[in-house]
Amino acid sequence: DSGVTQTPKHLITATGQRVTLRCSPRSGDLSVYWYQQSLDQGLQFLIQYYNGEERAKGNILERFSAQQFPDLHSELNLSSLELGDSALYFCASSAGDESPLHFGNGTRLTVT
Amino acid sequence: GENVEQHPSTLSVQEGDSAVIKCTYSDSASNYFPWYKQELGKGPQLIIDIRSNVGEKKDQRIAVTLNKTAKHFSLHITETQPEDSAVYFCAAKGDVWGKFQFGAGTQVVVTP
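Residue numbers (this note's numbering), protein chains in the order written: chain L, 391 to 502; chain P, 3 to 114.
No lab work stands behind these hints: they were computed from the structure. Please note: incorrect hints may appear among the correct ones.
Unchecked claim - Listed below are the simulated EDC-like cross-link pairs for lysine to aspartate or glutamate, each with C-alpha atoms no more than 20 Å apart in a straight line:
(1) L:LYS447 - P:GLU4
(2) P:LYS60 - P:ASP86
(3) P:LYS70 - L:GLU488
(4) P:LYS101 - L:GLU443
(5) P:LYS39 - P:GLU81
(6) P:LYS70 - P:ASP51
(7) P:LYS70 - P:GLU4
(8) P:LYS70 - P:GLU58
(9) P:LYS39 - P:ASP19
(10) L:LYS399 - P:GLU41
(11) P:LYS59 - L:GLU488
(12) P:LYS60 - P:ASP19
(13) L:LYS399 - L:GLU465
(14) P:LYS39 - P:ASP86
(15) P:LYS39 - P:GLU58
(16) P:LYS44 - P:ASP86
(17) P:LYS73 - P:ASP19
(18) L:LYS447 - L:GLU488
(19) L:LYS447 - L:GLU465
(20) P:LYS101 - L:GLU444
(21) P:LYS24 - P:ASP61
(22) P:LYS44 - L:ASP487
(23) P:LYS60 - P:GLU81
(24) P:LYS101 - L:ASP391
(25) L:LYS447 - P:ASP29
(26) P:LYS70 - P:ASP19
(27) P:LYS39 - L:ASP391
(28) P:LYS101 - L:ASP419
(29) L:LYS447 - L:ASP419
(30) P:LYS101 - P:ASP29
(31) P:LYS39 - P:ASP51
(32) P:LYS70 - L:ASP419
Whole structure, please, built from the sequences with the hints as guidance.
Encoded structure:
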């Protein structure tokens, strides 16, 4: 158990809809990362937050947004969903710059 | 930015044999190289890591080597067992704070 909690585990929704994915980092970790993993694809970095502030942005679509709250949990909002958004979305947390990432078990999003 | 290439994409080995996965990186400022194992339905799990001031690190049946001059690093699994079957990802952290770049992954299948 990595200590990173993601909810929900599965999400099925229709095109055009909006969903929110939630992540609770490991206790004490200030940094949260979001990754997308499509079928047979690697881990695509979306965005990173550190102590409530955005730190780095990757290949995140404008339809997607995220935030990290004062209690350090983070939410990833996906809107105007398309079939191609179907994927596993992982959250990871780390304690700091020289620390490894610890991943949650992901949210599987299916857009129909 | 950092680019990480990982080979092979699939690797089939007989139980008891060794498995080697290789990664190359582009950013000479990269200083931290973790390896992750992802089992079906789970998030990537850190299995071993190495920093740029070390050439080799070993943990039981798993070892990682780093060649900074050639900008490549490798994962070695000895005496493979069926439970080693999984997807393995290498990663490199560049000079941008906390930003990790992942390889595309290697599907390892250990046959009894």
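To see whether the hints hold, each was checked on the structure:
no., hint, verdict
1, L:LYS447 - P:GLU4, "holds, 14 Å"
2, P:LYS60 - P:ASP86, "holds, 16 Å"
3, P:LYS70 - L:GLU488, "holds, 18 Å"
4, P:LYS101 - L:GLU443, "holds, 15 Å"
5, P:LYS39 - P:GLU81, "holds, 17 Å"
6, P:LYS70 - P:ASP51, "holds, 15 Å"
7, P:LYS70 - P:GLU4, "holds, 14 Å"
8, P:LYS70 - P:GLU58, "holds, 11 Å"
9, P:LYS39 - P:ASP19, "holds, 18 Å"
10, L:LYS399 - P:GLU41, "holds, 16 Å"
11, P:LYS59 - L:GLU488, "holds, 17 Å"
12, P:LYS60 - P:ASP19, "holds, 17 Å"
13, L:LYS399 - L:GLU465, "holds, 14 Å"
14, P:LYS39 - P:ASP86, "holds, 9 Å"
15, P:LYS39 - P:GLU58, "holds, 19 Å"
16, P:LYS44 - P:ASP86, "holds, 14 Å"
17, P:LYS73 - P:ASP19, "violated, 26 Å"
18, L:LYS447 - L:GLU488, "holds, 19 Å"
19, L:LYS447 - L:GLU465, "holds, 15 Å"
20, P:LYS101 - L:GLU444, "holds, 12 Å"
21, P:LYS24 - P:ASP61, "holds, 18 Å"
22, P:LYS44 - L:ASP487, "violated, 25 Å"
23, P:LYS60 - P:GLU81, "holds, 14 Å"
24, P:LYS101 - L:ASP391, "violated, 23 Å"
25, L:LYS447 - P:ASP29, "holds, 18 Å"
26, P:LYS70 - P:ASP19, "violated, 27 Å"
27, P:LYS39 - L:ASP391, "holds, 13 Å"
28, P:LYS101 - L:ASP419, "holds, 15 Å"
29, L:LYS447 - L:ASP419, "holds, 19 Å"
30, P:LYS101 - P:ASP29, "holds, 12 Å"
31, P:LYS39 - P:ASP51, "holds, 12 Å"
32, P:LYS70 - L:ASP419, "violated, 29 Å"
Checked against the numbered hints given earlier, this structure breaks hints 17, 22, 24, 26, 32; the rest are met.
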